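Asker: For chain G, the structure is supplied; the task is to place chain A on it using the hints.
Read top to bottom, the protein sequences are chains G and A. Residues in the first sequence are numbered from 1 upward in steps of one, following the UniProt record's numbering. Residues in the second sequence are numbered from 1 upward in steps of one, following the UniProt record's numbering.
In the DSS-like style, the derived pairs of lysine-lysine whose C-alpha atoms are separated by at most 25 Å in a straight line are: (1) G:Lys232 <-> G:Lys134; (2) A:Lys9 <-> G:Lys428; (3) G:Lys523 <-> G:Lys507; (4) G:Lys435 <-> A:Lys9; (5) A:Lys9 <-> G:Lys436.
None of these hints come from the bench; they were simulated from the model. Computed from a prediction, not measured in an experiment: that's the story for all the values here.
Each chain, letter by letter, is given below.
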Amino acid sequence: MGAMFRSEEMALCQLFIQPEAAYTSVSELGEAGSVQFRDLNPDVNAFQRKFVNEVRRCDEMERKLRYIEAEVHKDGVHVPEVKEPPRAPNPREIIDLEAHLEKTENEILELSHNAVNLKQNYLELTELKHVLEKTEAFFIAQEEIGMDSLTKSLISDEAGGQQAATRGRLGFVAGVVQRERVPAFERMLWRISRGNVFLRRAELDKPLEDPTSGNEIYKTVFVAFFQGEQLKSRIKKVCTGFHASLYPCPPSNTERQDMVKGVRTRLEDLNMVLNQTRDHRQRVLVSVAKELASWSIMVRKMKAIYHTLNLFNMDVTKKCLIGECWVPTADLPNVQKALADGSNACGSSIPSFLNCIETDEEPPTFNRTNRFTRGFQTLIDSYGVSSYRECNPALYTIITFPFLFAVMFGDLGHGCIMAMFGAWMVLKEVSLAAKKSNNEIWNIFFAGRYIILLMGCFSMYTGLVYNDIFSKSMNIFGSAWFVPYDNETLEKNPSFTLDPKASYINKPYFIGIDPIWQSADNKIIFLNSYKMKLSIIFGVIHMIFGVCMSVVNYNFFKRRYSIILEFVPQIVFLCLLFLYMVFMMFYKWISYSTFATDEAYKQGCAPSVLILFINMMLFSSNEPEPGCKEFMFDSQGTVQRVFVLVALCCIPIMLLGKPLYLLSASKKKHNKPEHSNGSVNQGIEMQEQTDISEAGQTQATPAKPAPHSHEDEPFSEIMIHQAIHTIEYVLSTISHTASYLRLWALSLAHAELSEVLWDMVLAFGLRDPTYVGGIKLYVAFCFWALFTLAILVMMEGLSAFLHTLRLHWVEFMSKFFSGLGYIFQPFCFKTILENNDEE
Amino acid sequence: MACKICGPKLSLCGLILSVWGIIQLTLMGVFYYIEAVALLEDLPLEEESGHHTVDAFIHAVEVGYQRNSYNCWIAALLYVITLVISGHQFWMNNRSSVSM
Chain G
1 MGAMFRSEEM ALCQLFIQPE AAYTSVSELG EAGSVQFRDL NPDVNAFQRK
51 FVNEVRRCDE MERKLRYIEA EVHKDGVHVP EVKEPPRAPN PREIIDLEAH
101 LEKTENEILE LSHNAVNLKQ NYLELTELKH VLEKTEAFFI AQEEIGMDSL
151 TKSLISDEAG GQQAATRGRL GFVAGVVQRE RVPAFERMLW RISRGNVFLR
201 RAELDKPLED PTSGNEIYKT VFVAFFQGEQ LKSRIKKVCT GFHASLYPCP
251 PSNTERQDMV KGVRTRLEDL NMVLNQTRDH RQRVLVSVAK ELASWSIMVR
301 KMKAIYHTLN LFNMDVTKKC LIGECWVPTA DLPNVQKALA DGSNACGSSI
351 PSFLNCIETD EEPPTFNRTN RFTRGFQTLI DSYGVSSYRE CNPALYTIIT
401 FPFLFAVMFG DLGHGCIMAM FGAWMVLKEV SLAAKKSNNE IWNIFFAGRY
451 IILLMGCFSM YTGLVYNDIF SKSMNIFGSA WFVPYDNETL EKNPSFTLDP
501 KASYINKPYF IGIDPIWQSA DNKIIFLNSY KMKLSIIFGV IHMIFGVCMS
551 VVNYNFFKRR YSIILEFVPQ IVFLCLLFLY MVFMMFYKWI SYSTFATDEA
601 YKQGCAPSVL ILFINMMLFS SNEPEPGCKE FMFDSQGTVQ RVFVLVALCC
651 IPIMLLGKPL YLLSASKKKH NKPEHSNGSV NQGIEMQEQT DISEAGQTQA
701 TPAKPAPHSH EDEPFSEIMI HQAIHTIEYV LSTISHTASY LRLWALSLAH
751 AELSEVLWDM VLAFGLRDPT YVGGIKLYVA FCFWALFTLA ILVMMEGLSA
801 FLHTLRLHWV EFMSKFFSGL GYIFQPFCFK TILENNDEE
Chain A
1 MACKICGPKL SLCGLILSVW GIIQLTLMGV FYYIEAVALL EDLPLEEESG
51 HHTVDAFIHA VEVGYQRNSY NCWIAALLYV ITLVISGHQF WMNNRSSVSM
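The shape of chain G in the complex, shown without the other chains (with noise of 0.2 Å):
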């Protein structure tokens, strides 16, 4: 577990790699995944890179495959999932996998153009059956009854004489127009033909559908009926306006039933066309699918090592590729393995090899985790992710946070289901894993699974330490206090004070509060002050031990005199006003009791811890009761006095210390001859390159300021940061020791709240005096139950882990966090493909 004590050792290599084996090469590294390489053509564009044809090359494949996979999609193809996924193809496949794709590609799209084609003739036919079938009512009508009357009455206003000649006249044009447009249709030919035009019109019952979309459309057949050749252009272009398809439509009843026949067995013809080429398309499709996932798997995986390569530089006489990348040294010997695989793998002769430089940059930060601890640290890397090197507090939070979180969430029936919930989580990992949600916040839930289980399993202990199950007590091991009175003193008061010396058998409950105290009046007035108590112990100790952490840090990086000069006078400070109190809490407890034989140690002469520290703090005092002492014991008052004093000396200690030191350390320096302070690395190999590359750009390559440090700064600069520094820790003693009281706060929050929805709502069914009860009880149980969930183990639980993780944030991780380093991030196919998955 050395591990997680601090990020882990990175070092910077150059790798040369021969050109014909880089492909290979890069692969194998992505594979392996423990490499972060870094852009050595920052000024380069994209497109002027040198593998910018691969990578569109690349982007043109996955175009390619999009289109397939969305035709896959559009048919309800089930896509396999790839057991393991391929490696990334060599150059060979690459041009195997392109000509596959394209061939793909232009089946599918000539298939979906024929498909289209034969449905928009399917359409037609359809239609066109639809409105001889419908016309055949409108004819049949119209001859049966219409056929005079109709004329009579279109035509009664002209003379009567050519009656005979225009009925031989009266034409008609047949057609289907969508439903939608049939209202407006038929206003505008009644516009046109001012009235002169009768309209017949049928619906269609089943829509038909549209050959490119695919979409349901209804239309209507409509006949429409006029009078003169004029009248007939004009209806037309109405028609056309409207995308009212045309059809033939021969007047005369027979020849209608002769074409109906006809396109009927069209119909049919075409139908058995369109089958086969369904079944055709579904079994490209079927073929498809099965490789489809491997294929995409493999495009992107090339794409990645194209990309990857275009960070690389070219060697002058361009026989090799460098590359510059950081590597954890503990992943060495992988990444010689991988260059080593990967130039055997395409055959060449000259090895590929790795040599490691020397560097000031600040290398990534990479701390090694498991899926334990993975969770913790992804909650200190959201606050800031730690320098290099720097000492890594995830380790101290997988005790400290369930822990601070269980003290607010102290409830043993809640904790058991936090648990339960973690633990389901835990056991089925693998499958869960397996199954990708896109449920952000299950997807959270389950990151952290394994605090979610610790968290469960600290209330548990908290919540049997508080005596709580559900805001009920347990009387397990006996209370340690009985009732002294007679009945008949019972009977007449309705409550009484149980005296310790009378009621008590002086010895303690076996573990945490006494059970007792449930039926009390003043169990909040108790448990009010064990729990401040409790908080203050907990944030002091939890202070001091961030404190101490910052001299693993100083240790470790150099700068022993920090140590001296800000981590003795901090401790000092923190532990003589804060660690003293949490002193006189406990010599509190100890000392005063009822069954004290000392007058000045009895019940109500225990003086207030806090008007003690406050007094203290302000060197002032109070007149003890009669009988009572002021101190808690002799000579406590000048013990006092001389804590106070030595705690405000610490404070020049830290504002002047360090400034002083370091101005005289400069001073020594200064007169020694001053040697540079390292120039920006880079290879010889690259400076020559970008000489020739560049030779007619203006070549500057501008030394980066040297890494700043303390030591560089003036002494102006030095003593602000001091003093802010001073200040914030002088005031954060007090502000943080309060802040801890969170704990108290909302552990109090957390009882009543349960205890008042047990009082609220499940007592609802207890209190019946009939067997009704039962079922009520049943009713009440079911919103006890959801509101148990939704309350006090969601939004409670939520609130209380938010307070969590403040308190490690800001109270224990600014006294020894620094938190500047940046994250290392590995080219690594696994991540790419997941990020992609996301996407």
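Answerer: Then chain A, alone, in the frame of chain G:
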């Protein structure tokens, strides 16, 4: 027999709720039966009516405990029925999803 009323989520909810209900209500019934002091507050006692004497009060409390323990077990029994129904529904849902 093969009627599907609840969806997969509701039946799972019912399963979890009824398992929880059975466990907790049975235990509460036991605690009422052995007259746990912590549960005294929730007894169905008539306020200010009887118990002028200690014995009458104790009697009322004992009856209350008895009554509540039976009520708890009745509710637990109702949850057993819920468990069976939602278990059946859950099984139906699972089977239909498999057959699909």
